[in-house]
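> Chain residues, written in single-letter form:
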Amino acid sequence: MSRTFDLRALLAESGIGAVLDELDRDLVGLAPVKMRIREIASLLVVDKARAELGVAVAKPSLHMCFTGNPGTGKTTVAMRMATILHRLGHVRKGHLVAVTRDDLVGQYIGHTAPRTREVLKRSMGGVLFIDEAYYLYRPENERDYGQEAIEILMQVMENQRDDLVVIFAGYKHGMDTFFQSNPGLGSRVAHHIDFPDYTVAELEAIATSMVASLGLSLSGSARQALGEYLHLRREQPNFANARSLRNALDRARLRQARRLLEAGSVDAAMLTTLEAGDFRASRVFEAARTPAANEEAPC
Amino acid sequence: MRITQGTFSFLPDLTDEQIAKQVDYALAQGWAVSIEYSDDPHPRNIYWEMWGMPMFDLKDAAGVVAEIRECRKAHPDDYIKLNAFDSTRGFETMRLSFMVHRPKQEARYKLRREESAGRLVRYTLERA
Numbered sequence: 001m002s003r004t005f006d007l008r009a010l011l012a013e014s015g016i017g018a019v020l021d022e023l024d025r026d027l028v029g030l031a032p033v034k035m036r037i038r039e040i041a042s043l044l045v046v047d048k049a050r051a052e053l054g055v056a057v058a059k060p061s062l063h064m065c066f067t068g069n070p071g072t073g074k075t076t077v078a079m080r081m082a083t084i085l086h087r088l089g090h091v092r093k094g095h096l097v098a099v100t101r102d103d104l105v106g107q108y109i110g111h112t113a114p115r116t117r118e119v120l121k122r123s124m125g126g127v128l129f130i131d132e133a134y135y136l137y138r139p140e141n142e143r144d145y146g147q148e149a150i151e152i153l154m155q156v157m158e159n160q161r162d163d164l165v166v167i168f169a170g171y172k173h174g175m176d177t178f179f180q181s182n183p184g185l186g187s188r189v190a191h192h193i194d195f196p197d198y199t200v201a202e203l204e205a206i207a208t209s210m211v212a213s214l215g216l217s218l219s220g221s222a223r224q225a226l227g228e229y230l231h232l233r234r235e236q237p238n239f240a241n242a243r244s245l246r247n248a249l250d251r252a253r254l255r256q257a258r259r260l261l262e263a264g265s266v267d268a269a270m271l272t273t274l275e276a277g278d279f280r281a282s283r284v285f286e287a288a289r290t291p292a293a294n295e296e297a298p299c
Numbered sequence: 001m002r003i004t005q006g007t008f009s010f011l012p013d014l015t016d017e018q019i020a021k022q023v024d025y026a027l028a029q030g031w032a033v034s035i036e037y038s039d040d041p042h043p044r045n046i047y048w049e050m051w052g053m054p055m056f057d058l059k060d061a062a063g064v065v066a067e068i069r070e071c072r073k074a075h076p077d078d079y080i081k082l083n084a085f086d087s088t089r090g091f092e093t094m095r096l097s098f099m100v101h102r103p104k105q106e107a108r109y110k111l112r113r114e115e116s117a118g119r120l121v122r123y124t125l126e127r128a
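Line order of the protein sequences matches chains R and C.
Its first residue numbered 1, the first sequence is counted upward by one per residue in the working numbering.
Its first residue numbered 1, the second sequence is counted upward by one per residue in the working numbering.
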C-alpha cells in the first residue's frame with residue numbers, strides 16, 4: 001500500500017511559507033543563509049510527513065553556528081530562527097534568549113555552574129543565542145571558568161536536544177579557533193553557516209529600508225553621495241557592514257538637524273529629506289582625498 | 001500511611017508528563033516555580049529546604065522537570081514538593097503547591113493524648 005503526501009499542503013499548513021517569504025523580503029542579500037534555512041525547513045516538513053507515515057524519526061540536531069564579519073545580520077537572523085523553528089514545531093515555545101560570556105561565566109569558583117544552568121533553564125523550549133561565543137574559552141588563563149560553562153553546555157546540548165536549540169555566533173576567525181580547541185563542541189554543532197559581507201548594492205538597498213523606517217527619505221543626490229561613501233568606507237579598516245551604514249545614517253541625521261536649525265524655517269519636505277551635503281561632510285571623503293593621514297579609522 | 005499534603009495529594013502520584021503540564025500552566029500564569037524538599041512532612045513544618053533558587057523567567061517546563069529529577073536523585077528518601085509563587089499585588093503568595101516525590105517508606109505519625117489540668121485533654125501529632 002502506498003500513500004502519497006502533499007508536502008506543499010503540509011508546508012502551507014505550518015504557515016512557514018509566510019515566515020520564509022518575510023525573511024526573503026526583509027533581509028537583503030545573505031543568499032547562503034536563506035538557502036540553509038530553507039533546507040532546514042524542508043527537512044522538518046519532510047520529517048513531519050515521515051512521522052505521519054509511522055516511520056520513527058529522530059529529531060535532527062539543529063544546534064548552529066553563525067560566523068561572519070560584524071554587522072552581517074547574525075543576531076537578526078537568530079531572532080527569526082526562533083520564530084521559524086517554533087512554526088515548524090521543532091521548539092515548543094519559540095522565544096530567544098540572547099546571552100554573552102558574562103551571563104554564563106561566574107566570578108568565583110562554584111558560581112559558573114548555577115549561572116549557566118539558569119540560563120539554560122530559561123532558554124528551554126526556545127533558542128539560546130550565545131553572541132561572541134569564542135570569549136567563552138580563554139586559553140591564556142588555565143583557571144578560567146569558561147571551560148566549565150562549555151562543559152555544561154555540551155552536556156545539555158546532547159541530553160536535552162529536544163528541549164532547546166543553541167546558536168553560537170561570532171567572527172569567523174575567532175569561532176574557528178574556538179571549535180578547534182573544543183572539538184567536542186564543534187562536533188555537536190551540525191550547522192555552520194557563514195554570513196557573507198554585503199555588496200555596495202545590497203548596502204544601498206538596506207539603507208533605503210533603514211531610512212524609510214526612520215520616517216526619512218534620501219534625495220537623488222544624497223543617494224549618489226551615499227553610494228560613493230559606501231565604496232570608500234568599505235575599503236577602510238573597521239568596516240562593519242550594516243552597522244557602519246546605520247552609524248553613517250545616524251551621523252547624517254545629526255548633520256541634517258544642524259543644517260535645519262541653521263536654516264531657521266523649514267517645510268515638511270526639508271524635515272524628512274537627507275541631502276547630499278549631509279553625507280559629503282563625512283571624514284571618509286576627506287580621508288580618501290589625503291590617504292596619508294589615514295592612521296585611525298575615520299567615521 | 002500516605003501523606004496527603006498540597007494539591008492533588010489524594011490522587012495517584014503524578015507522572016513527569018503530568019507534572020510538566022502543571023508547571024506549564026503555572027508558567028503561563030506568570031508564576032515563579034521553586035522546588036523544596038524535607039524529611040519532615042509534618043503539616044506544621046513550614047520550613048522545607050530549598051532546592052536551588054526559585055526559577056524566574058522560565059518559558060518551558062523542561063528545565064523544572066530536569067531539576068526535579070536532579071533533586072530526586074540527590075534526596076530519594078525525602079519528600080519533594082513544587083511551589084508556584086504568584087507575585088501579583090494582592091496575592092503575593094503560593095498559588096499552587098504539590099508533592100512530586102515521596103519516599104518508598106513513608107513517614108509515620110501517631111496521635112498522642114495528654115491529660116491536663118481538670119478534665120482537659122491535649123492532642124499532638126508526633127513522629128512515630
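Hints are computed from structural coordinates only; laboratory data are not their basis.
Keep in mind that this is a model prediction, so the values were computed, not measured.
Glycine included, C-beta positions come from ideal geometry on N, C-alpha and C.
Some hints could be false.
A few chain R residues that face chain C, going by a derived Cβ cut-off under 8 Å, partial list only [said to hold, decoys possible]:
| # | residue |
| --- | --- |
| 1 | G125 |
| 2 | G126 |
| 3 | D267 |
Think about it this way: if two alpha-carbon atoms lie no more than 30 Å apart in a straight line, the pair counts; the simulated DSS-like pairs of lysine-lysine are [to be verified]:
| # | chain 1 | residue 1 | chain 2 | residue 2 |
| --- | --- | --- | --- | --- |
| 4 | R | K93 | C | K73 |
| 5 | R | K34 | R | K48 |
| 6 | C | K104 | C | K73 |
| 7 | R | K93 | R | K34 |
| 8 | R | K93 | R | K59 |
| 9 | C | K104 | R | K93 |
| 10 | R | K59 | C | K104 |
| 11 | R | K59 | R | K48 |
| 12 | R | K48 | C | K21 |
| 13 | C | K110 | C | K21 |
| 14 | R | K172 | R | K34 |
| 15 | C | K21 | C | K73 |
| 16 | R | K59 | C | K73 |
| 17 | R | K172 | R | K59 |
| 18 | R | K48 | R | K93 |
To list a few chain C residues with every Cβ distance to chain R over 12 Å, as calculated [as the list claims (entries may be wrong)]:
| # | residue |
| --- | --- |
| 19 | P12 |
| 20 | P43 |
| 21 | N45 |
| 22 | F56 |
| 23 | K59 |
| 24 | A62 |
| 25 | G63 |
| 26 | F98 |
| 27 | R108 |
| 28 | R112 |
> State the violated hints by number, sorted upward, taking the hints as numbered earlier in the document.
3, 9, 10, 13, 22, 23, 24, 25
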